[in-house]
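**Student:** What follows is each chain in one-letter form.
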Amino acid sequence: MKFDKAAGPNPTDAKKIIGQPHDRLDGPLKVAGRARYAYEFHDEAPNAAYGFILGAGIAKGRITALDVAAAEKAPGVLLVMTHENAPKQRFKPGESSPQLHNPEIYHYDQAIAFVVAETFEQARAAARLIRVDYSREVGSYDLDKARATATVPTHYNGDNSDTAVGDLDAALASAPVTLEVEYRTPSQSHAMMEPHATMALWEGDRLTVYTAHQMLHWAKRDIANTLGIPQSRVRVVSNYVGGGFGSKLVGYGDLTLSALAARQLGRPVKVALTRAQIFNHTSQRSATIQRIRLGAGRDGRLTAIAHEDWSGNLPPERAGNTGAPSENACFQTRLLYAGANRMTATRQARLDLAPGYAMRAPGEAVGLLALENAMDEMAEKLGLDPVEFRILNDIQHDPEVGPERPFSNRRLVECLRLGAERFGWNRRNPKPGQMRDGDWLIGYGVASAIRDNLVTASHARVRLLPGGRLRVESAMTDIGTGSYTIMGQTAAEMLGLPLSAVEVRLGDTNFPEAAGSGGSWGANSATSGVYAACMALRAKLAARAGVNAEGVSFADGHLVSDGRRVPLADLAQDQEIQAEAGIEFGDLTKTFAQASFGAHFCEVGVDRYTAEVRVRRMLTVASCGRILNPKTARSQCLGGMTMGIGAALMEELVVDKRLGFFVNHDLAEYHVPVHADIPDLDVIFLEGDEDANSSPLKARGVGELGICGVGAAVTNAIYNATGVRVRDYPVTLDKLLEGMPIPTI
Amino acid sequence: MRAFTYQRAESPQEAAAAVAARPDARFIAGGTNLLDLMKVDVERPGHLVDISRLGLDQINATPEGGLRIGAFFRNTDLASHPQVRRDYAVLSRALLAGASGQLRNMATTGGNLLQRSRCPYFYDTAMPCNKRAPGSGCAALEGFSRNLAILGVSNQCISQHPSDMAVAMRLLDAVVETVDADGTRRDIPIADFHRLPGETPHIETVLNHGELITAVRLPAPLGGHHSYRKVRDRASYAFASVSVAMVRGDGVQRIAFGGIGTKPWRVEAAEALSSPDAIADQVLADARPTDENRFKLALVRRTLTAALADHPAGEGTR
Ligand SMILES: Cc1cc2nc3c(=O)[nH]c(=O)nc-3n(C[C@H](O)[C@H](O)[C@H](O)COP(=O)(O)OP(=O)(O)OC[C@H]3O[C@@H](n4cnc5c(N)ncnc54)[C@H](O)[C@@H]3O)c2cc1C
Ligand code: SF4
Chain A
0 MKFDKAAGPN PTDAKKIIGQ PHDRLDGPLK VAGRARYAYE FHDEAPNAAY
50 GFILGAGIAK GRITALDVAA AEKAPGVLLV MTHENAPKQR FKPGESSPQL
100 HNPEIYHYDQ AIAFVVAETF EQARAAARLI RVDYSREVGS YDLDKARATA
150 TVPTHYNGDN SDTAVGDLDA ALASAPVTLE VEYRTPSQSH AMMEPHATMA
200 LWEGDRLTVY TAHQMLHWAK RDIANTLGIP QSRVRVVSNY VGGGFGSKLV
250 GYGDLTLSAL AARQLGRPVK VALTRAQIFN HTSQRSATIQ RIRLGAGRDG
300 RLTAIAHEDW SGNLPPERAG NTGAPSENAC FQTRLLYAGA NRMTATRQAR
350 LDLAPGYAMR APGEAVGLLA LENAMDEMAE KLGLDPVEFR ILNDIQHDPE
400 VGPERPFSNR RLVECLRLGA ERFGWNRRNP KPGQMRDGDW LIGYGVASAI
450 RDNLVTASHA RVRLLPGGRL RVESAMTDIG TGSYTIMGQT AAEMLGLPLS
500 AVEVRLGDTN FPEAAGSGGS WGANSATSGV YAACMALRAK LAARAGVNAE
550 GVSFADGHLV SDGRRVPLAD LAQDQEIQAE AGIEFGDLTK TFAQASFGAH
600 FCEVGVDRYT AEVRVRRMLT VASCGRILNP KTARSQCLGG MTMGIGAALM
650 EELVVDKRLG FFVNHDLAEY HVPVHADIPD LDVIFLEGDE DANSSPLKAR
700 GVGELGICGV GAAVTNAIYN ATGVRVRDYP VTLDKLLEGM PIPTI
Chain B
0 MRAFTYQRAE SPQEAAAAVA ARPDARFIAG GTNLLDLMKV DVERPGHLVD
50 ISRLGLDQIN ATPEGGLRIG AFFRNTDLAS HPQVRRDYAV LSRALLAGAS
100 GQLRNMATTG GNLLQRSRCP YFYDTAMPCN KRAPGSGCAA LEGFSRNLAI
150 LGVSNQCISQ HPSDMAVAMR LLDAVVETVD ADGTRRDIPI ADFHRLPGET
200 PHIETVLNHG ELITAVRLPA PLGGHHSYRK VRDRASYAFA SVSVAMVRGD
250 GVQRIAFGGI GTKPWRVEAA EALSSPDAIA DQVLADARPT DENRFKLALV
300 RRTLTAALAD HPAGEGTR
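If you read the protein sequences in the order shown, they are chains A and B. If you're matching positions, the first sequence starts at 0 in numbering that gives the first Met the number 0 and goes up one per residue. If you're matching positions, the second sequence starts at 0 in numbering that gives the first Met the number 0 and goes up one per residue.
The shape of chain B in the complex, shown without the other chains (with noise of 0.2 Å):
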């Protein structure tokens, strides 16, 4: 961790000015990424803008019947929220699904949509690794990649997105909102907000430097059957190998995968079809597996048809 000052802003807009100001500023929400990056080195922030008293800790009910959820809105609040549990549950159990109870009580709506890739190359500044140094180039692609995407890769990176909260965002079509230096707002759909990594794989999202998550707003509630299940490697606290959402029932089918893009994956085209292999079939079709993450095609094959068979279609209940 290197030397750097420390501000708390007063408005919203003010922290978004703070941080336009200066290239080496950041956001600091919960920390729970950002100060474990720069205990390694990776990220070398010289200003640190907090953003935890703009009020952005508040949940309300939007006018579309939805709920707007503040970017500083803690994960563990979230998960535990009466309407989050009862119309959104998709939500709430991914949430629970992710990181640790500790981790959750810090960890906000906002940082957890941004946390950053957890390829092992990526925390090791040794290290060759595009994302963290651009041009230095990808230790994973020949490397250690089992955990790593095999949706949405290019030759530059295939860090997998590891947020579990953002696969269920990108299931119920949230919207995120911002706000910039000069009072700008804007409404950026979940689905244009990550990036594939292509040739710039150290760009993550759409966002502008010193542009400031407000809030993330869900739409009215689906009905259905929700679930989250989440394969890994130890029965709690480890990123998903695959993670399956899915919302059926009440004339709906979603489903969003985690742990497999390397952002947020969802197909809407083969949400019409009803059988586990011509769902596999068509979200897999552009797949591209390392040898060390090939078992991941079976995985989201044998996930979604254990999901599937948990929620038969046609029950409206939840």
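Only chain A is shown next, with the shape it has when bound in the complex (with noise of 0.2 Å):
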């Protein structure tokens, strides 16, 4: 099915299922912990044995000498790989993850060595053994340095890495308040929950691999490629992950080591990354430095828009399967706010970190960090009340192209001005450090949100089994966000069955090709996906009430046309019938700017002595399409604040840029938010959000919009209570000290 104009109205729009705050189906599995993941499939593959790698411990030169003499004769190990012995590779960046394939160390961490025992603790005792011998070369470690030497990127998020439009120099030479400012982010780590792990069984020439994964058909291009063998022999599955935010979008040394060992040995291996192990081994949300200059009448429209950015990376022959993208963070500032004279500009330096990759909302989620700070500052030299500004600065199309590209449904401003409302704003005092509580400062802060709106192919089979059940099959993932479920109220709801009637299997390569999580496409991509195979599941099941398909509708497990009631049941009585089929988008996304909105709204306390920051509410209202479940789609809001808070107040990979690596390797270093961090969040989905021109679902994405904005929320909101703007994330409280009075007693 082609999905090329808008949609008109379609069995979904009945909405007694789709849009209801459905449990997760995958709930109960979890909880009693019968829902699989990729290092459980015991029966499957049996008798696995077990692989650890060994990394790099310098982040940049070669290997001159290794001695695995002793691990080989270790206890119980099978194997011992090192680029010495392991099988051919081959590599095409961004489509392949040879491992072990050279001497040449790119990052500290990289695989050098692999060891498969019998037990995982033989395994790691047996890699420690090992001798390694380096020659060491200068690396690239220090964006700040490397700044200088920074070019247009090669790989980026968007389709262009600089934009201009209109006159730039003049209007901010002309413009009566202006802004110059500088930001920056730091690296960030995914610390999603599951750690990256594979099973590897080879059948014959046969390869099925078990893994935690996000986009499997990804995941099958890049093994077969590397091995060298034809896609149709590989299966992946990846019935349930714990978790990826854009780190499991690309496998790393365990996907490609499993696969290679478990054929040498004629055995299935299982391999699961240590949690110090994701940290350098895998990939980050690259740092950024971030200028942005704006001009603005004295009647607060802006006139002058500039964003440029600068991240770093290692060269894509040197980033795996990672592509090495740049962190496009002026992404957002294209299409945010009205101003006739704009520019972005994307700059990438060479790294040689662990390859910078994508992370939930990759460029947005910095990048308004920066933007929406550079804003919040703007304000106050303009003296106006942020929300106004913001609500001053909207703009219903494309400001880069103009009225001829409008967006399909923009609703910001109705966001902030329900936030506000819901919130409280009013009772905000525009100075800052004036509103106090105890020892606490408070705050107030508020940020706009927006993420791109992507789509993408996606299929899907349904299968309705003698006895009436309807079955859905789809490659589609559950990374823990809800596709089982909003997939399952899609086909209930298409065929007018209980959600109780209706399984879905998800997360194999068996079925058919689906969308993956990622970029927040899947919810409305693979639901759309649902959509098609049951318009062709309805047309069949017409064909066979021999009644004509026009016409006809489905409700309570019955077919109805003119008058008659056919139970589903009984058209499937003796053999079952299914449809398979999938959404293909037209350029609807280029007709239309598409994108989904939010505003967040924070109260900071911080401590006058110490400067601890405290948050202690949150409310996001959020314009996101239709919601095709409150329940889940909330969930990810909460997520994506909760990550969003990480973000404005503690989350940092720290690099050492001497020995060149992330220093702060483990989950009591890296701090993500606990619980005692997160007060009240509220999310509000704004009423009777569709948009047409999106889907035939009519919905848009979720997860990302989430954390969009929701740090500079915070910050705004620390700026609010202390006076003290910091301009370096995290704000930790070091930053904030020197510019508070110390109280006296």
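Read the hints as simulated data drawn from the structure, not as lab findings. Careful: at least some of the hints might be erroneous.
[To be verified] Below, a list of computed lysine to any residue pairs in the SDA-like style, where the Cα atoms sit at most 20 Å apart:
#  : chain 1 : residue 1 : chain 2 : residue 2
1  : A       : K91       : A       : Q230
2  : A       : K15       : A       : K380
3  : B       : K38       : A       : G75
4  : A       : K380      : A       : Q433
5  : B       : K38       : A       : E120
6  : A       : K734      : A       : V723
7  : A       : K72       : B       : R1
8  : A       : K589      : A       : D397
9  : A       : K14       : A       : E686
10 : A       : K734      : B       : D290
11 : B       : K38       : A       : T273
12 : B       : K38       : A       : K15
13 : A       : K656      : B       : T289
14 : A       : K4        : A       : H396
15 : A       : K656      : B       : D290
[Stated by the list, open to error] Stretch by stretch, here's where chain A covers chain B in the computed footprint (C-beta under 8 Å, at least three residues):
#  : segment
16 : 117-123
17 : 131-142
18 : 293-300
[What the hints assert, rightly or not] Here are a few chain A residues that face chain B, going by a calculated C-beta distance under 10 Å:
#  : residue
19 : I57
20 : G60
21 : T63
22 : A124
23 : A275
24 : D438
25 : D606
26 : R613
27 : R657
28 : F660
29 : N663
30 : V671
31 : D676
32 : T731
The model shown is predicted, which means the values in this text are computed figures rather than measured ones. Don't be surprised by glycine CBs; every beta carbon is placed ideally from N, CA and C.
Please dock the two separately framed chains into a single complex, following the hints provided.
**Tutor:** See below:
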């Protein structure tokens, strides 16, 4: 099914099941420990041997000597693989993931040896007996230093690294009020719950990998490319995935090495990365430096907007299958506010750290940390309320293109107004440092949120089984988001069945290829794939019932046509009826600017003695098209808000700029928020949101919108509380202390 | 983790003898620190002696009116013990400010005193670290040192002592009781128990190899207000950037600090002073911060000010 014109009325509009807050279908399985993750396919891949990856202890250079004799002789060891004996692999940047293919060290904790043994402990102990000599090279680890040599990236989000409209310099020169600021955001780690893990099993020349992955057809392509075998001989299974946030869009050492070793040993091999390995062996969100220049008239209307960013990465040929994208922090600035004269530019420097790659809302998540703080700074310069300043600069079309490219649906102003009302924004004192609660300095902050709406092809098979139950099969993944549930809801709605009559099977490349989970395109695209398959099944059922497909409807387990009601169970009495179809998207995302919007409101307390910051409450109002399931969507937003609070206050991969690695590589020292950091969070979705230009489901992406802008609402609140503006994330207490007077007693 | 043998000792002296007999042997108590370090290959014991069944899980009143806390008494139990909460509230609060519920359920009094460095380089065997590999150098001195010590540091090591409990013990003048392989017992005042890094940062206490902590003894209660103020980078489950333990009132003023010293820090001479600035000036007189942890100077002063403001002198209720 091709989606190339706005959706008209369709069966999903009934919203009897779609749009209802159903509990997650996979909830009971997970609570009971029966949802199996990649490392747990004991029956399918029995007697698996355990692999342990030894990582490089230097950041850049080459291996000059390896002594594996002790490791090979260690108890239980079956195989020690290094670049000296690893099978030949193929390399295609961005589409393969060879390991141990040469003696070069590209980054710290890159795989340099792989030990397989009867137990995990044996493999790990043996790996530590391997002696390695390196010749070290000087690397580049400091973005500030590398910035001067940054160039136009070869791979970035969006369609262009540089954009320019109007005459920015003239507009800035003549604007009565201007602002020029530079912000910094650090590298961050995805820190999802489930570590990267794979079990690999060969049956003849056919490979099955049970792996933790967000995007199964990419995994299949990458592993087939790496091993030099046809994709048709690879099956990838990822039934349940314990979070990914982008990290699992590509595979790492566990995927390739388990497959290589299992083939060599003729036995299944399983590998899970240790928590420490996740920080330097896999990928990370690149640090950025961002310069923002704004110009406005005294009336508060922006006349000039410039946003430039610098990030760093390995060269693509060293960045595995990530392709070494730049962190395009300017992307949202092209769409968010009006302003006739504007430019953005993205530059990338070389850094010899773990590959920089997509992490939840790549680009916007850090871009908005800078832009939405700059907007707060500008509002203060203009003497305007930050909410009103944003509303004043709302625009209903793509500001780079003009009215010929309108937004499909943009309700940012409503988000801001409703949020301000519900939050009690009018209680805010615009002058910093005026609100107090005992020893807490209180501040309120606001930020806008925008996240591009992405859609991508997705397929599904629906089977009406004898007995009348419906089964949905798709290679879509559920990384904890609710895919099972909303795809089941879609099928139930389309065929007039209760959700309890629908089974959903996901996460297997034996099923039709699907959107996968990334870029917030999953929910909208995958349910559209189910919609297409259900439309095809409805036509088949009508034919089986001998009625015209036009005018037929499905309700209460029946096909209904001209007053005739046929139980679905009767139609599939002897033989199941199935249909497979998919959705392909045309160019409506070009015709219309499409994005989800939101507004975040935050209250913080800052201890007047110690500068400890505590978020006291937060409200997000979001406009994301039709909400397919308010419960799972709300959970996505709560997770994003939590992550945004982390980005504002604590998350930072600390680079040792001499030794070239992320030093704080465990969860004791890489801080993400704990329960005590997260207070009352509230989410409101705007009523009646539907986006007919987005998909047949009229939905848009939710998952990443939740994080976009959150951190800026927090740091704007910190400024309101203290009068200290920190332009270097995260805002830890040491950065506030200097600007805060010591209370006397 | 490398292969090791395991033994369950039957008496404190037998445990001490078992460890003394092998240079690569270690006691294992709650295991929350030791096992972590074994998994990352920092600790490599060949033999573990389990001290969980030696009767060290008792807590008793002493004839002097204080408490004797068995070395295997769990952190959770200690924090919630009614007499500790009533008479040594600073200890209860310090314990509850540390780690997480799950860890405190396992962690023991002896193990907590002996927990090792949280310096990230100490945890990474690919990096130089004098504490882990004597003579290899100190990666933190010019590296990531934001949370490390500013007092008691040397050119060999600047790791802070991470324990919260030990700060309260220092404040309370606790005494560490030990036994060794031949049954010799000794009492070690807490002030003398931890060593400064000096030239030998890998030697952290005055204990001999195989010397077992059997108990920690608290003198009779001090009275006064008890407080433990811990400042850190998130609301819970993080090591102290700075902590201030304080007992004040009933004619007493005692202050000890965590997060800033290479051992639990207390400057008795400063306790007679009354203004926060005077106290801070004296405590910090010999501070040697790095660029990254210089903020702790201001933070100590401010946290101390907050703690003093919370508990005006002269009021005698706990
Ligand atoms: C993620 C994390 C966060 C933490 N946060 C904090 C925090 O905020 N504040 C804090 O104070 N602590 C914190 N801790 C540390 C925790 O308090 C210690 O791990 C715990 O107290 C150690 O006690 P244990 O009984 O488990 O010791 P073990 O791990 O069993 O032993 C530690 C050491 O002591 C030796 N030992 C144990 N008992 C004796 C004895 N009786 N005699 C002689 N030697 C002995 C062992 O041989 C070993 O070398 C944290 C730990 C973790 C893992
Ligand atoms: S500060 Fe101490 S623990 Fe840290 S690297 Fe230096 S010697 Fe090792």
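**Student:** Would the hint on F660 (chain A) stand, with a C-beta cut-off of 10 Å toward chain B?
**Tutor:** holds, 8 Å
**Student:** Holds or violated: R613 (chain A) as interface residue toward chain B, Cβ cutoff 10 Å?
**Tutor:** Holds: closest Cβ of chain B sits about 6 Å from R613 (chain A), inside 10 Å.
**Student:** Is K656 (chain A) close enough to T289 (chain B), meaning Cα to Cα at most 20 Å?
**Tutor:** holds, 16 Å
**Student:** Between the segment 131-142 of chain B and chain A, are there enough contacts, at least three residues with CB-CB distance under 8 Å, for the coverage claim to hold?
**Tutor:** With 3 residues close enough to chain A, the hint holds.
**Student:** Need the status of pair K734 (chain A), V723 (chain A): alpha-carbon distance at most 20 Å?
**Tutor:** With Cα atoms ~9 Å apart, K734 (chain A) and V723 (chain A) stay inside 20 Å; holds.
**Student:** So, as I understand it, the hint says G60 (chain A) touches chain B; can you test that by seeing if any CB pair is closer than 10 Å?
**Tutor:** At about 13 Å, which exceeds the 10 Å cut-off, the nearest Cβ of chain B leaves the hint on G60 (chain A) violated.
**Student:** Can the hint on T731 (chain A) be confirmed by a CB-to-CB distance to chain B that is less than 10 Å?
**Tutor:** holds, 6 Å
**Student:** Using the nearest Cβ pair, does A275 (chain A) come within less than 10 Å of chain B?
**Tutor:** At about 7 Å, which falls below the 10 Å cut-off, the nearest Cβ of chain B leaves the hint on A275 (chain A) intact, so it holds.
**Student:** Are 3 or more residues of the segment 117-123 of chain B near chain A, judged by a Cβ distance of less than 8 Å?
**Tutor:** That given contact holds, which follows from 5 residues of the segment 117-123 of chain B lying within Cβ reach (below 8 Å) of chain A.
**Student:** K38 (chain B) and E120 (chain A): Cα distance at most 20 Å?
**Tutor:** Answer holds: K38 (chain B) to E120 (chain A) is near 9 Å, not above 20 Å.
**Student:** Verify the interface restraint on D606 (chain A): the C-beta must sit less than 10 Å from at least one C-beta of chain B.
**Tutor:** Holds: closest Cβ of chain B sits about 8 Å from D606 (chain A), inside 10 Å.
**Student:** Mind checking the alpha carbons of K4 (chain A) and H396 (chain A) for me, to see if they're no more than 20 Å apart?
**Tutor:** holds, 19 Å
When the structure is compared with the earlier hints, violations turn up for hints 2, 12, 20 and 21 and for no others.
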